[in-house]
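Asks: Just need the whole structure built from these sequences, with the hints factored in.
What follows is the residue order along each chain.
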Amino acid sequence: MSRPRPEPVQVIKQRRDAALQALAGGMPYIRHLGITFERRGDELTAILPYDDKLIGNPLLPALHGGVTAAFLETTAVVALAWSRLWDRIENGEIELDALTPETLPRMPKTVDFTIDYLRSGLPRDAYARARIVRSGRRFASVQVEGWQDNRDRLHASATGHFVMPRD
Amino acid sequence: MSDRTAQIARQFTQGIPHARDLGMEIRHLENGVCEIEMPYDEKLIGDARTGVIHGGAISALMDTCSGAAVMSHPSNPGGTATLDLRIDYMRAATPGQTIRARAECYHVTHSVAFVRASACDDQEDPPVATAHGAFTLERKS
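These protein sequence lines are chains F and A, in that order. Using UniProt numbering, the letters of the first sequence correspond one by one to residues 1 to 167. Using UniProt numbering, the letters of the second sequence correspond one by one to residues 1 to 141.
These are computed hints drawn from the structure, not numbers from a lab. Be aware that a few hints might be false.
Residues from chain F shown here face chain A by an in silico Cβ test under 8 Å; the list is partial [said to hold, decoys possible]:
1) 18
2) 27
3) 65
4) 66
5) 67
6) 69
7) 70
8) 73
9) 74
10) 113
11) 114
12) 115
13) 116
14) 117
Straight-line distance between alpha carbons at most 20 Å, and here's what the computed EDC-like set of lysine to aspartate or glutamate pairs gives [stated by the list, open to error]:
15) F:53 - A:21
16) F:53 - A:25
17) A:140 - A:30
18) F:53 - A:42
19) A:43 - F:51
20) A:43 - A:21
21) A:43 - A:104
Note that this is a predicted model, so its numbers are computed, not measured. Heads up, the beta-carbon is just placed ideally off N, CA and C, and yes, glycines get one too.
Replies: Here it is as C-alpha cells:
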C-alpha cells in the first residue's frame, strides 16, 4: 500500500495562513486594535503592536486595561476557533480552498472572562498565547498569558469559559 | 456632577486616548457611581456576519467605567489601576444600539477598591454583561 505523496510545504503553509487570515479577518475589532497572529504549525502567538490610541493612563504612560482585556479575550477566541478549524481541516471535513469569512464555522461565544493585571502595560508591543485547558462538545475553558519584553514576566493573565457553536 | 467629578469625567473622556478612540461619553459620575455610553461603531464589531460588538470592546467600556467610579469615590483617591476584572456575558448586544455601562464602587479599604458593573443596550433587562473587579487605590499624599 502506498501513501499519497505529501503536498509541497509552501502549498500547505499558504493554505493554512489563508485560513488563519480568513478567521481573524472576519472580526473588524481585531483589525481596529491592530492585532495580528503568528503561526508555528498549529500554535498561535497574538501580537498587539503599540499605538498611541491604546493608552489608558497618559501620565505613566500605560496601556488601557480594557485593551489588554480585549487582546487576551481575542487571543482566546481565535485560538479556540483555530483549534477546531485545524482539526476539521486536517480530517478533510472542511475544504480550505472554499473557506471565506462568510463560510467559516461560527465563533465560540464568551460566557465569562477573568483578567489578572500583574503589571502595568508598557507603551510597547504586547504578545499573548492561549492554552486550551479543556475543549468539550459544548464548553471550553481557556487560559491566556500576555507579556511584553520578557516571556517570563507576564503583564496579564486570564481565564475564560466559552460555549462552542453547534454546527 | 460636582466640580471634582466633572474634572475627573473630563480627564477620562478627553485624557484617556483609548476611551476617546472608542467614543466613550460619561453621562453621570458621583459618589463612586459612573455611567458611560459607547455608541455603536463598525470598528467595534466582533463578528462581521452578525454585526455584534466584540466582547473586548464591552470589557474596555466596563474597565473604564469601573476606574472612573473608583476615582469619584468620596474617599477622594489619588489614582487607581485594575487588579482583576471578571466579565460575564449574558447576551449579544443588538447591532446598531449604543452600549450603556454603569459601575458602582461599593467598598474601599486603605489600598483596594471593589467595583461591580453592568452594561446594556436599549433593552435593560437582561443586561448584555456584568462585571466585578478589584482596583488598586492610591491615596493622595
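Asks: Please go over all the hints and tell whether each is borne out by the structure.
Replies: Against the structure, the hints:
For residue 18 of chain F, the suggested interface contact is broken, since its CB lies about 17 Å from the closest CB of chain A, more than 8 Å. Taken as an interface hint, residue 27 of chain F checks out: its beta carbon lies about 5 Å from the nearest beta carbon of chain A, inside 8 Å. For residue 65 of chain F, the suggested interface contact is upheld, since its CB lies about 4 Å from the closest CB of chain A, less than 8 Å. Satisfaction of the interface hint for residue 66 of chain F is found here, the shortest Cβ-Cβ separation to chain A being roughly 3 Å, below the 8 Å cut-off.
For residue 67 of chain F, the suggested interface contact is upheld, since its CB lies about 6 Å from the closest CB of chain A, less than 8 Å. Against a cut-off of 8 Å between C-beta atoms, the interface hint on residue 69 of chain F holds, since the closest Cβ of chain A lies about 4 Å away. Nearest Cβ of chain A to the Cβ of residue 70 of chain F: about 3 Å, under the 8 Å cut. The hint holds. With its C-beta approaching chain A no nearer than about 5 Å, residue 73 of chain F sits inside the 8 Å limit, and its interface hint holds.
Using the Cβ-Cβ criterion of 8 Å, the hint placing residue 74 of chain F at the interface with chain A is satisfied: the shortest such distance is roughly 6 Å. With a cut of 8 Å, the hint placing residue 113 of chain F at the interface with chain A holds, because the nearest CB-to-CB distance is about 5 Å. Checking residue 114 of chain F against chain A: minimum C-beta separation of about 4 Å stays under 8 Å; hint holds. Among the interface hints, the one on residue 115 of chain F holds; its C-beta lies about 5 Å from the nearest C-beta in chain A, closer than the 8 Å criterion.
Because the closest C-beta pair between residue 116 of chain F and chain A is about 5 Å apart, less than 8 Å, the hint holds. With a cut of 8 Å, the hint placing residue 117 of chain F at the interface with chain A holds, because the nearest CB-to-CB distance is about 5 Å. Only pairs whose Cα atoms come within 20 Å are accepted, and residue 53 of chain F paired with residue 21 of chain A is accepted, the gap being roughly 6 Å. Between residue 53 of chain F and residue 25 of chain A the alpha-carbon distance is near 16 Å, which keeps this suggested pair within the 20 Å criterion.
Taken as a hint, the residue 140 of chain A and residue 30 of chain A pair is honoured in the structure, with Cα atoms around 19 Å apart against an allowance of 20 Å. The suggested pairing of residue 53 of chain F with residue 42 of chain A holds, with an alpha-carbon distance near 17 Å, which does not exceed 20 Å. Under the criterion of a C-alpha separation no larger than 20 Å, the hint pairing residue 43 of chain A with residue 51 of chain F is consistent with the structure, at around 16 Å. For the given pair, residue 43 of chain A sits about 10 Å from residue 21 of chain A by alpha-carbon distance, which is consistent with the 20 Å threshold.
For the hint pairing residue 43 of chain A with residue 104 of chain A, the CA-to-CA distance comes to about 28 Å; that exceeds 20 Å, so the pair is violated.
This entry does not satisfy hints 1, 21, going by the numbered hints stated previously.
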